[in-house]
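S.K.: Can you build the whole structure from these sequences, using the hints too?
Taken in order, these protein sequences are the chains called A and B.
With the first letter of the first sequence counted as 1, position 137 gets the number 137 in our numbering; the numbers rise by one all the way through.
With the first letter of the second sequence counted as 1, position 165 gets the number 165 in our numbering; the numbers rise by one all the way through.
What the hints contain is simulated information worked out from the structure, not anything from laboratory work.
We put the beta carbon where it would ideally sit given N, CA and C, even for glycine.
Hints should not be assumed to be uniformly reliable.
Claimed, not checked - Just so you have them, the derived chain B footprint on chain A, three or more residues with Cβ under 8 Å:
no.: 1; segment: 54 to 64
no.: 2; segment: 356 to 369
Said to hold, decoys possible - Listed below are several chain B residues computed to face chain A (Cβ distance under 8 Å; list not exhaustive):
no.: 3; residue: Pro80
no.: 4; residue: Gly81
no.: 5; residue: Tyr165
no.: 6; residue: Pro167
no.: 7; residue: Thr241
no.: 8; residue: Leu244
no.: 9; residue: Phe301
no.: 10; residue: Thr328
no.: 11; residue: Met390
no.: 12; residue: Ile393
no.: 13; residue: Pro395
no.: 14; residue: Asp402
no.: 15; residue: Phe459
no.: 16; residue: Phe463
no.: 17; residue: Ala477
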Amino acid sequence: MKRLATTLALLTNVIFITFSSSSWSEQNDYNMTRGVTGISEQVYELHMLIFYICCAIAFIVFGVMFFSIFRHRKSKGAVAANFHESTKVEIIWTVIPVIILIAMAIPATKTLVAMEDTSQSDLTVKITGSQWKWHYSYFGEDVEFFSLLATSQKEIEGIEAKGAHYLLEVDNPLVLPINRKVRFLMTSDDVIHSWWVPDFAVKKDTIPGFINEAWTKIDEPGVYRGQCAELCGRAHGFMPVVVHAMAEDDFDQWMSDKKQELALQKAAAQEALTQDLSMEDLMGQGESIYTARCAVCHQANGEGIPGAFPAIKGSEIAKGPVMAHIDVLVNGRAGTAMQAFANQLSDQEIAAVITYQRNAWGNDTGDTVQASDVNAFKAQDSAKEEI
Amino acid sequence: MSKPIEKAVKSAPAEAQTTANTTIAIEGDHDHHHAPKGLTRWLYSTSHKDIGTLYLWFSFAMFLTGGAMAMIIRAELFQPGLQLVDPQFFNQMTTVHGLVMVFGAVMPAFTGLANWMIPMMIGAPDMALPRMNNLSFWILPFAFLILIGSLFLPGGGPDFGWTFYAPLSTTYGPDSTALFVFSVHIMGISSIMGAINVIVTIVNMRAPGMTWFKLPMFVWTWLITAFLLIAVMPVLAGAVTMVLTDKYFGTSFFDAAGGGDPVMFQHIFWFFGHPEVYIMILPSFGIISAIIPAFSGKKLFGYHSMVYATCSIALLSFLVWAHHMFTTGMPVFAELFFMYCTMLIAVPTGVKVFNWVATMWRGAMTFETPMLFAIAFIVLFTIGGFSGLMLAIVPADFQYHDTYFVVAHFHYVLVSGAVFSIMAAAYYWLPKWTGNMYDQKLSLWHFWCSIISVNVLFFPMHFLGLAGMPRRIPDYAIQFADINQIVSIGGFAFGLSQLIFLWLVIKCIRGGEKATAKPWERAEGLEWTVPSPAPHHTFTTPPKVD
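M.R.: Have a look at this one:
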């Protein structure tokens with residue numbers, strides 16, 4: 001029974017993905033999307049209304065101007081008139097634009113007030129931006145995860161062909177139910193980012209130390225893609241947002257599956273504490289984590305970017321005491337771009353990537369770091385804090 | 001004969017024929033006494049004309065430098081994927097391109113025009129504070145030497161966008177941020193000195209009879225611009241100083257962890273930034289208001305309403321800054337306030353456009369190159385105005401914000417707006433500056449290449465933004481590929497077209513058909529009463545204007 005449900009969920013997922021991928025490619029490449037929410041529809045209508053008004057004004061003003069340019073030219077024997085002031089005309093072309101503007105402001109105000117009303121939501125998701133990933137946390141559900149770019153470096157560098165969702169695909173998409181009012185609480189761990197999904201007409205800055213609010217109520221299931229909109233450093237262009245919108249039942253099913261998955265992960269992490277991995281295993285795992293998480297700043301060759309991101313190759317941290325190295329990964333470096341990875345990677349993963357850093361690029365310390373070492377450091381660290 | 005500006009509300013046709021007494025001013029004989037030569041002529045210059053020339057050449061050099069950076073940006077964006085530059089360097093290019101174009105190309109060009117033209121337009125022998133004039137120019141090259149030099153340091157130059165939002169520019173900025181801060185300080189000092197000079201000159205040195213409502217529009221718009229500069233450049237200086245202390249001295253102005261607020265940075269920056277965009281467009285309004293009447297054979301329609309419209313735009317510019325920040329999460333009340341104020345700016349701006357069209361209406365137009373650029377300005381600037389109006393609508397702005405739609409918008413008002421007006425001004429006054437007519441054929445090539453390529457470059461950006469492409473990204477999803485390619489081709493073409501202009505100006509300086517004192521038959525203003533080229537000293541005895 002359980003298996004059947006999972007298969008079904010998977011199947012619906014696949015259908016959504018295909019459906020929405022076609023809807024993504026079919027979507028207008030030249031105009032704003034109508035989107036899939038009541039609000040995004042209103043925003044689209046507003047956009048078109050103002051666009052048409054501008055076109056009408058342009059038609060009249062430029063029409064008069066070009067008529068004049070073709071008719072009132074000296075080469076056609078035109079003789080210049082002598083008028084150059086008319087208070088009446090000035091008043092007319094001050095008042096008419098004011099009336100047009102008021103006509104624009106009324107629907108804009110209505111839509112805006114609706115967009116900012118985050119009350120009475122059915123579900124709250126906290127979105128945290130950091131360089132260069134999103135973190136999603138479902139309130140009251142104990143479900144949270146990171147969402148990173150899934151496009152490979154090889155596609156970016158043109159070594160491999162680019163897929164259909166090049167730069168707009170992630171490892172763990174945000175999953176949301178349709179027909180429920182979802183409230184977003186947004187913040188950031190480092191610089192300002194901006195969470196944007198065009199199909200929802202939601203774009204809100206995530207600001208370190210402050211919490212912003214937004215909401216959406218999705219009408220149709222599908223996969224909706226967006227990007228970080230606020231310049232946030234080196235990999236700003238590589239920070240997509242992907243949302244899977246599911247029917248309510250499917251969402252509830254997904255939620256319980258996800259909880260199970262996270263519980264299993266936790267158990268595996270606990271088990272890892274009792275296991276010692278070989279150098280080879282650690283290096284293998286470490287390299288892939290390094291490539292995904294560290295190489296953006298510290299570079300694949302470990303040399304960093306002088307003046308911006310420090311080198312790991314030959315660095316004091318990587319060649320010095322292991323505990324200090326673990327400290328940097330677990331707690332990050334305050335006041336720098338180095339973030340704390342304690343909540344992003346498991347102890348096992350931290351151990352692997354440290355082992356990799358301590359042995360790659362000629363660092364050759366020969367140290368192997370195990371999950372239990374990381375765990376021991378954390379225990380010590382929190383004890384220290386309590387004192 | 002000259003009649004600088006139409007007198008007053010009560011139109012008196014008899015007065016319209018009055019002649020300014022200008023012959024006294026032209027004493028060219030005085031000229032050869034010791035016009036300095038060689039390097040020191042430029043280094044020690046206190047002549048408003050030489051300093052104006054320096055400003056203009058500097059601005060053109062920066063225009064090409066910033067343009068070269070734009071070429072790098074467009075080359076990287078020619079196709080999806082990372083091909084030419086590292087994302088970090090890409091960010092440095094977008095940042096320094098913006099800074100160089102705003103502070104190095106557009107603003108010094110206007111200051112150069114002000115230096116050359118304001119004294120001649122108001123019948124003054126020079127700027128009021130000639131030594132400060134020299135200083136305000138000569139610190140400028142050093143500011144840009146520091147800024148551009150920082151690109152070559154380890155870690156690179158500024159990479160946080162020309163808007164340098166904290167904490168990206170503080171905690172997360174490169175080591176060279178201090179140099180960026182100092183260079184902006186120097187630019188600010190230069191601008192403030194330039195503005196003070198303009199105000200003091202206009203207030204004190206107008207020729208007898210040159211009353212406020214006889215001032216040419218260019219002088220009016222520059223006067224208002226100068227007040228804006230004095231009001232907001234110190235705000236910018238404050239913003240960069242706080243960035244400096246946050247980064248290097250442990251303060252927390254923009255750091256929530258220390259009780260600060262990153263959004264406060266944006267409020268401070270845009271309190272400078274919004275008036276700044278009008279600083280870059282008001283003098284354009286003045287230029288266009290000089291050129292359209294000259295080639296329509298009619299007086300500027302609604303001179304007084306033009307002055308009032310300029311003043312109201314300047315005042316409103318202090319009330320709209322937060323429209324750059326709608327997505328930062330303001331209270332609805334604040335969003336509505338800033339939306340309404342922003343929409344209101346469309347009214348005086350509209351009045352200006354209507355006045356220009358009314359000036360052309362039933363005129364007898366000719367289409368020399370300055371006029372072509374002026375007409376292009378009106379059309380393309382207005383398109384930028386329309387997209388600005390769209391951006392003011394907050395719900396729609398949530399979709400437009402930080403996309404290529406915004407990039408399209410501000411390039412329409414800044415490139416086909418401000419830069420085109422500067423081109424128009426250059427063609428209009430080149431005969432006065434050099435004493436030679438420019439090469440007509442070459443100027444038409446420049447105009448047509450520019451106007452076609454500028455639209456190929458910037459118009460499709462509207463589509464990119466609406467389709468969802470964020471700005472300031474070095475790589476993009478594949479559905480944006482086709483349009484980006486077109487945009488890049490337009491970019492390269494526009495860049496190359498400007499070399500025609502460079503060649504034309506050099507050619508014009510070296511020779512060509514001799515220009516008369518008043519090469520444009522129907523142009524008005526005191527500047528046309530002095531010979532071409534304008535002698536070293538003009539108006540040593542003030543002309544009488546009545």
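S.K.: If you test the structure against every hint from before, which numbers come out violated?
M.R.: The structure breaks hints 2, 7, 8, 15; every other hint is satisfied.
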